[in-house]
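Number of protein chains: 2
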Amino acid sequence: MKYLLLGLAALPTLILAQPSPNGPAALRDLALRDNTAWEIVEGLTTEVGPRLAGTVAEAHARDWAVARLKALGFQNVRVDPFEIDGWERGTERAEIVAPFPQPLILTALGGSGATPADGITRDVVGFGSLAELEAAAPGAVRDKIVFVWHRMGPTQDASSYVAFGPIRQKAPSIAARKGAAAIVIRSVGTGNHRLPHAGATFWAEKQEPIPAAALSVPDAEQLERILAKGQPVRLKLVLTPRFTGKRPSGNVIAEILGRDPNAGIVLVSGHLDSWDLGTGAIDDGAGIAIMTAAARIVASAGQPLRTIRVVWFGTEETGSQGGDDYFRRHRDEKHVMAAESDFGSDRPWKFETRFADSADPVIPQLAALLQPLGITQGLNDSLGSSDVRPLANNGTPILSVRQDGMRYFDIHHTADDTLDKVDSTQLRQNVAAWTALLAVAANDANWPENGVIQSKTIAK
Amino acid sequence: MKYLLLGLAALPTLILAQPSPNGPAALRDLALRDNTAWEIVEGLTTEVGPRLAGTVAEAHARDWAVARLKALGFQNVRVDPFEIDGWERGTERAEIVAPFPQPLILTALGGSGATPADGITRDVVGFGSLAELEAAAPGAVRDKIVFVWHRMGPTQDASSYVAFGPIRQKAPSIAARKGAAAIVIRSVGTGNHRLPHAGATFWAEKQEPIPAAALSVPDAEQLERILAKGQPVRLKLVLTPRFTGKRPSGNVIAEILGRDPNAGIVLVSGHLDSWDLGTGAIDDGAGIAIMTAAARIVASAGQPLRTIRVVWFGTEETGSQGGDDYFRRHRDEKHVMAAESDFGSDRPWKFETRFADSADPVIPQLAALLQPLGITQGLNDSLGSSDVRPLANNGTPILSVRQDGMRYFDIHHTADDTLDKVDSTQLRQNVAAWTALLAVAANDANWPENGVIQSKTIAK
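Chains as they are written, first to last, in this note's numbering: chain S, 2 to 461; chain Z, 2 to 461.
Isolated chain S, as found in the complex:
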C-alpha cells in the first residue's frame, strides 16, 4: 500500500515532467536550433550598420526595424517618436608634440566640446584615478590637458564597468570645473587594441563642455609611460564634434496580442541605437535579436494569455531617453513584466528577478527551466537594464538574465563592435533562456503582478 500510494502521488509529477510540445521547456529547446536572432543581428548590422541616436542612420534603422518586425509576423508595429539633443562626431586627432613626437589614437566622448579646427596644444597633467583628479588644486590643471588613467580589468558581471565607468561619465565635468583646457581618459574598456571606446559623458547644469576624449588602451599606456619618464609632455588635440540641435529619435514597438486584454503586458526589449564607431552588433543588435526571437518562438506555440510587447528603444546610449519616453507614454498600462537584454550575446549564467514577494512560487519554476542551460538563480533585487529602470522603479516585476562579461568591455562602444564578435551558439543560448522565461510570463495564470516601488529613484 505504501508503495502504491507513493506511486499514485508521484504520477502527476511524472506527467508534468513530460514536456508539453508547446510548453516552456519544449520551446526553450526549440530556441537552441532557431536562427531568427542571428538573422536579425546580421541584417541590422549589415544593412544599416552604425546608428547613432538622432542621426539619419538611426531613422533608417527604425524603417528597417518596422519592415523586419512586420515580416516576422508581429502586430501593431509602430514608432513612438520623440526628440533628443543631437551630437555628432567630427575630426579627431592627437599627437604628442614633446618630448617624443608621435600620433595617439582617440575618440571624442559623447557630449564632448570642440577644439578650434586647427586644434589646441597644451601641457599634460596626469592622474591615476577620479579621486586624484577630484583632489587636485585647480591651479594644477588650469589651462592644461588633463589625462586620467586607471586599471580596469574584465569581470564576469560588469562590476569593473560600474567601478571605472565614472571616469568617463564624471571626470570631464570635474576637469572643466577646475579650468582644464581639455581632458583625455584611458578608455573605459578592457581590450588591448588601438580602438578607443566611445560613450557618453555628462556635464553639470549650464556647464560649458570642454573637449573630452578617450585614448585607446595601448595609447593611454603609452602616454602614461611617457609621463613617467619625467619630462614635460605636450599634446596637440583636434576634436571637432558638434551639437546638432533637436533631432528625431523613436522607439519601435511590436506586439503579439494576448487572449485576455486585462491580463497585462509582458515587455521584452533591447535598444536600436548604437555608438557610431561600430555596427552595434553586441551593443545592442544582439539584445533586440534575442528578445525578438524569443517572443516569436513563444508566439509560434499559439496565442499567449498576455500581450507580449517587444520594444526596440531609440537613444539608449546617450542617456536612455527612449526608456524615459516609453515610461512617460505607457506607464499607466498594466505591465506585469519588463526586461531588457543589453549586454551582448555571450553565455547566460544567472537570472535575477524583482518581484514583490521574493518567495513567489514562480521563481523556482523559472530556475528549473533555466537549469539545463547552466543558468543559476540570482537574487530578487534586479533593477533591469537602463531602459526599463523607470518601470522597475514604478513597481513592474523585472526579469534579468546575466551574461558572461569577460570580453564584453573589450568590444563595447568601439569600432570593433561588429557581427563577427557575435557567437551564434551563445546567442541561441540567450534566446533559449528568454524563450523559457517569456513563455511562463506570457502564459502562467499565477504570474505576479507587482514588483517593488522605489520611493527614491535609483540612477540608471
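Fair warning: there could be bad hints in the mix.
Here are the computed lysine-lysine pairs in the DSS-like style, where the Cα-Cα straight-line distance is at most 30 Å [what the hints assert, rightly or not]:
{"#": "1", "chain 1": "Z", "residue 1": "K71", "chain 2": "S", "residue 2": "K230"}
{"#": "2", "chain 1": "Z", "residue 1": "K230", "chain 2": "Z", "residue 2": "K171"}
{"#": "3", "chain 1": "Z", "residue 1": "K230", "chain 2": "S", "residue 2": "K71"}
To be clear, the hints were calculated from the coordinates, so they are not data collected in a lab. Since this is a predicted model, take the numbers as computed values, not measurements.
Assemble the complex: chain S is given as a structure, and chain Z must be docked to it using the hints.
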C-alpha cells in the same frame, strides 16, 4: 673491468656537461634573466614610436639607435646612409554609398596611388582570389573598384602569409593592368579587429599606381556580405598618399671587435624601420632588441674570437633596400654567419641553418644547446630573413630561429603593433636562443666559413 672502462670513458663527458661559466649554455641561461631586450623595445617604441622608412621619424630612430648602442658599450657605432624613394600616407576614408550607406575602415598600401582629394565613387566588383582576378576579362573591372577577399588563417610557421601575401603584393598591379579605377583588398592578416594591415604593393615597370588599400578583416567581411546580397554596390574612396621623392635612410651598425681580425664577422640583425600605423614593437623592435641583447650577453663573457656585428637595417618594409645597401658595401668582408630576427617575439620552436655541409658537426652542438628551450632542429635550407638574403645567396652561412606565428599576423603592420603585444618571458626565450647560437658562432674555432652560393637569386 668492463664497468671500470665504462666509468673512465664517461668521465670526459661528465666534465663537459659541467657548463663553463662563460660558455654558451651558461650564457643562454643568463639571458633568461636579462632585461636588455625589453629595455630596447620599450625605449624605441616609447621614445621614437612609428618610424616609416625615409621619414623624419626614421632619422630620429637612427639617432636614438646610435645613442643607445653606444650606451650599451658597442664599438664602431655608425650609420651607413642611403637614399630611397619616399612614400607617405595621406587621408584615407571609405564609405559604401549604396545599397547600405556606412563607413568602412581601410589603409593605403605602401606605394598606393592617390584619388582626387574629394575621392572617387565607383561600382565594386569582387573576387575571391588572386586567380579569379587574374582570370577576369578586363571589361569586367574597367573603371570599377576591384575588391579581393580571401580566407587567410593563422599558422605557426607563416605559411599562410606566403600563400596570401601575393594578394597584397600583386593584385593592385593586376587590377591596374586591367583598367580598374582602384582596388581594395581584405587585409593580409588574421585578426578580427577593425585595424587594417598596411604593407607594400609592387607595380610593374613604368606602371602608373592606382589607389590601393586594405580593408580591416571585419570590414572586408562586411563588404563581402553586402555584395552577396546581390544588389549593385557603390563605394566612395578617398586616399591621398604621395610619393615624396628621394629621402634619406640608413643602416645602423655596431660591433664587438673580435680577437682575430681574420676570423670573420658574425652578423646579427633586425630592422629599425616600421610601418607608420603602429610603433613597430613586434615588427621589428623586438627583433633588433633580441639580437642586440644576445650580442651584449656574449660580449659580457669576454672578447670573442670573431667580430660580432649588429645591424639595425633601415627600410626593410618597403623592399629591403637596407639589406641591399649593406650587401653592396660589405659583400667583400668575410662574413661567416648572418642572421636576422624579424618575426616578433613569441616562443622560438625551431632553428634552421644553411651551411655548405649539412652534416657539419656544429649543428648537433647547436641543437643540444637549444633543446632545453624547447627548440627543435630544422632543415639546412634556411635563406634567412629578407635583409640577409643577399648574403645568403652569396654563400654566407645562415642561422634562423623560427618563432610561433599563431598571433603574429593578427598584429603585423597594423596600428596594434605596440609594446603591450610583446610578452617579456617569450622575448627572453628568444634572447636565450640567440645568445647560445651567437656564443658558438663568435667563438668556435670550427665554425663553418661557407654556406651555399645560389646561382640564381632567390626572391626575398
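Hint check:
| no. | hint | verdict |
| --- | --- | --- |
| 1 | K71/Z with K230/S | holds, 21 Å |
| 2 | K230/Z with K171/Z | holds, 28 Å |
| 3 | K230/Z with K71/S | holds, 21 Å |
Of the hints listed earlier, there is not a single one the structure fails to meet.
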